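First to last, the protein sequences are chains A and B.
Quick note on the numbering used here: the first sequence kicks off at 1 and runs consecutively.
Quick note on the numbering used here: the second sequence kicks off at 1001 and runs consecutively.
Just so you know, these hints were derived from the structure itself, not from any lab.
Being a predicted model, the structure only gives us computed values, none of them experimental.
Glycine included, every Cβ here is placed at the ideal spot set by N, Cα and C.
It is possible that some hints are incorrect.
[To be verified] Just so you have them, the derived chain A footprint on chain B, three or more residues with Cβ under 8 Å:
| id | region |
| --- | --- |
| 1 | 1009-1020 |
| 2 | 1023-1037 |
| 3 | 1176-1183 |
| 4 | 1204-1217 |
[Unchecked claim] A few chain B residues facing chain A, derived, Cβ under 7 Å:
| id | residue |
| --- | --- |
| 5 | Ser1041 |
| 6 | Ile1132 |
| 7 | Ser1252 |
| 8 | Glu1255 |
[What the hints assert, rightly or not] Simulated restraints on C-beta separations:
| id | chain 1 | residue 1 | chain 2 | residue 2 | range |
| --- | --- | --- | --- | --- | --- |
| 9 | A | Gln88 | B | Arg1105 | 33 to 41 Å |
| 10 | B | Ala1293 | A | His35 | 48 to 56 Å |
| 11 | B | Gly1138 | A | Arg114 | 52 to 60 Å |
| 12 | A | Ser200 | B | Lys1239 | 35 to 43 Å |
| 13 | B | Gly1057 | A | Val22 | 43 to 51 Å |
These are the residues of each chain, in order.
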Amino acid sequence: MTALQIDQVSKAFRASTPGGGVTPALRKVSFDIGHGEVVTLIGESGSGKTTLGRIILRLTPPSSGRVVFEGNDISAFGHARLRDYYRQVQGVFQDPFSSYNPIYKADRVFEMIRGVYFPHLGEPAWQDKIESALAAVALNPGDVLGKYPHQLSGGQQQRLLIARALLLDVRLLVADEIISMLDASTRVDILNLLISLKRSGLAILFITHDLSLGNYVSDRTVILRHGAIVEMGDTVKVFGNPRHPYTRNLLTAVPELHRKWQPAAGAVTRPAGVAGAGEAPVPAPASDPPRLTEYEENHLVAEDAA
Amino acid sequence: MSVKVENLSVAYRMRAGDVCPVEGVSFTVADGEIMGLAGESGCGKSTLGNSLVFMEGRMRHLGGRVAVDGQELPIADFRAMRPYRMAKVSLVPQYAMNALNPTRRISRLTADLLRSHDVRESDVLEEMKRRIRLIGLGEDVLGKYSFELSGGMRQRVTVILSTLLNPSLLIADEVTSALDVSTQRAVGEMLMEFRDRGFVKSVIAITHDLSILAQIADSILVMYAGRLAEKASTADIIKAPLHPYTQMLLASLPEVGVRYDEATLTGIPGRPPSLVNPPAGCRFADRCPFARAQCGQAPPFEEVEPGRHVACWKVSQRWPEGGGRA
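Please model the entire structure based on the sequences and the hints provided.
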C-alpha cells in the first residue's frame, strides 16, 4: 500500500529584494513511497531535496501540487489532524548537535513527546515504551538516559532522535542527510538500523547527496536536478543502467575505493568558464520540467536525456 | 625528502590538563607526493596539519622537529614562522571557503594577502589569472564577491591563493568535504594537476573520506586517537590494510553497487577513547577484536615491510589470524 504520494509538487521561492527573481526549488515532482520501502532522494546542493522533505513534514507549504498521506491530503489538516499526522510522520535531520538543547539532558526530547502525545500515560508504561524504542535502535538505556548531549557521540544522538520518532506510531520517516555528519565507522550502523526498521513496515524517505549510501540502503531511487526528477525507479536499475547523462555524470564522479575516476562519458567534467563542474544552466522559473518516459519496468527517465 | 616530521607532539592547554591530540608523530612526504591523512573526528589530523604551519595560541609544541627541503621550520615560534608561510608551507584550513571576506572582491582579498606577505601583486597577477583559467574558471571571478561564487568555485579560489607562491608543502584540510560529488572531483583533480605542474611540491590532504584519497593520494597515513596507526602506499592501504582499525574502517564503507541485501556492512563498535587521560596501551585495544594482554603496552610505529609502517603488536609480532581476546 502507498504510504505517501507526492503529486505534481512545485515550490518557488521569491527573492526578498526588490526586483529579485523567483527561484524554482521544485518543479512538478511526483513519486510515491510504500510501507516497508526505502526511497532515496538524491540531489546535489540546491536541487530541492531538503525543500521536498520540509514540504512532506508540513514545515513549508508547496506552491502547487498535493502531498497525500495514506489517502488524505495533508494541506487540509487542521490542528488536531496535524497533531495526529505528526504521530505518524516524523523527520530526523542532518545535524544532531543542533537538534538538542545543550542546556538540557538529551532525553528531554522524549519528555517533550510525552507532554504532547501521552499526557495520561503512567510512569511504568512510559518507561516500557522508552525501553522498547531504545532497544529498536540498539541503544543501551544506561548509556544514554540522563546524559547531556555533549556526553553522547554523534551516532548515539542520531539514534536517540530516531528512537524519539519510534515512541510515536511512526509510519513514515523523513531522514534528511542523517548520516553525513557521522564518522564512517558508525554511519553504516545507522543505515543498517534503517533497513531493519523498513523490514518492520516503516516507510522511509532517505535524502542524501551521497550516491553510495543511497545505493546501499534503498529499494527505489529518485534523482533530482534543479527541482525536477531526471531519473527514477528501482535502485538496481537506476544505478546499474543509468540512462540520463546527468545520472551517469554523477556516477562517474563518485569516488570509489577500488576504481579510479574514469573520464566522464559524453559530458565534459570541467567546462571552461562555467560555474561548477558539470553544472547545467538553471532553468527559467516558468519552464515545465522534461516529461518522464518509461525506459523499462520501474525505471523512468526524463525525456531530455536523448 | 621534501618533508620530514620527527617525533612531533602538540598539546592543547585545558583546565583539566594538557590534551595531546598529536603524540610522537614521525613521517616523511617525498617530493611530488600527495599524502592523505585520514582518521575520524577528534583523532588529531587537523591539529597535526595546523601545527606544521600555524601554531595558534592555545596549541603548545611539546617536542619534535619539522624540516622542509632539509631546512628546519621554527613551528613553535609563531612570529618566526611568518616568512615561511605561503612561501614554503601553505595551509588551506578547514572551512576556508566560508572564511573569505564577503565585503571584499576576490581581487582585493588577493592584494591584501600578497601585501601582508611582502609580495608585489603585479609580479603574480598574470600567473594567478593563468591558473584560474587553467582550472576552468573565468578571470571574472577576481571581480566577484565570495558570496557570488558557488562552494566549489570558492574552494578552488582558496587553493589557488594558497599555492600562488609555489610552496614546497600544501596542507589541504577537508578541501573536498561539503561539496557535491562532481565538484569534489574537480577540486581533487585540481590538487593533482597543481602537483603535476609543480605549483606545489608535496601535498598533505587531510580528510575523513578514504574514497577521495583512493583517487588522489599516493600514500595514506591513518591516525587514531592522537597517534599514527598505519602508513603505506594508497594501493596497499586500500587493498591490503594491516592495522585492524584500517581494516575495520574500510569494511564499513559502502560502495556504489553494494546493496544491503547483498552484503551487510558492519561498523566499528564503541568509540575512540577520550584524549583526556587516554588509556596507557594501544588506543584501539578496547574496540579491537584481536586485542591481547600485550596491547596494554603502546605498540611502536615501525616499518614492518619496506614502505609500510604500522603500530600494532598483532602485525609486528605476526600473531596468527583469528586470535581472540586474551
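Exercise. So which of those numbered hints doesn't the model satisfy?
Worked result: The structure conflicts with hints 1, 2, 6, 9, although it agrees with all the remaining ones.
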